[in-house]
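Numbering of the sequence shown is given in full-length UniProt numbering, commencing with residue 1 and proceeding in unit increments.
For the record, the hints were derived by calculation from the structure and aren't laboratory data. Everything numeric in this text was worked out from a predicted model, so none of it was measured.
No farther apart than 27 Å at their CA atoms in a straight line, the calculated lysine-lysine pairs in the BS3-like style are these: (1) 284 to 19; (2) 118 to 20; (3) 106 to 118.
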Amino acid sequence: MQNKHQKVQTLLDAIPYIKKFFGKVIVIKYGGSAQTSPDLKEKFAQDIVFLSLLGIKPVIVHGGGARITELLTKLEIPSHFVDGHRVTCEESMKVVEMVLSGEINKNITSLLTHHGAKAIGISGKDSALINAIPKDGGKFGYTGEITKVNGAMINNLIKEGFIPVIAPIGDSAEPNHPGFNINADVAACEIAAAIGAQKVLFLTDTIGVLDKEGKLIQTLDKQSVENYKKDGTIAGGMIPKVDSCIDAIHNGVNKAHIIDGRVEHSILLELFTSDGIGTQFIRKENPNNGIDMEKLLSE
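The whole structure should be built from the sequences, with the hints applied where relevant.
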């Protein structure tokens, strides 16, 4: 009987958070082990269906870097990274689109639909959802930089009850262009800003942003991120994640979080518990241990 009471109490404890997020849009960047482990994939699908049933409106933006690298290696197509961004040649761009828009996007959509969600898979090329140009003037080949997101299209899908599952492929203004490979972290935050999302969550293979001793940094703002980048604490693939989080919260998104996708039901733990998990990003810092408590309590 005590175990049953504990289950009921858990549900009751979640009520304030369910009220807070009811009707709100949450953008989730889906990647890492959560995207490849069969068990974690099932838990992810359950979480998304649960959010939808509670009146919360999830939008999924997925990556696929590991699968792209695997296929490029098999095809003997060279690939490398600079500051966490893949340099994409024209030949590898074909593989990127095949993996993201074809294989992964449809697998996620099918999984969510199987669990009872009304999911629809789309690419950034559909109705010019994501417009892009070459990143840094072409330094990264066919890796693109977003110039515009058609937020109205995504919001229309949400109003119709769909859960958009978005492959981060950018559309070019040039006819017959192969398109652009967009960093999924960047795409998630640009999309979140364009549709006025309440939060953007990153599912990753780390507990959050770590300091040089390997301990979790629970809260970051713009200045602290810059400091950690300068001293090398934040480096490599974490750079586009934290930069995107900062951009998002300074462009209309209330909160951004990097959480551990290896933890079962990590999305629910972040949204519906007082402690949350991972690293959160806030807009400003105050003397109270670097955390704007008034803001944290109001969001």
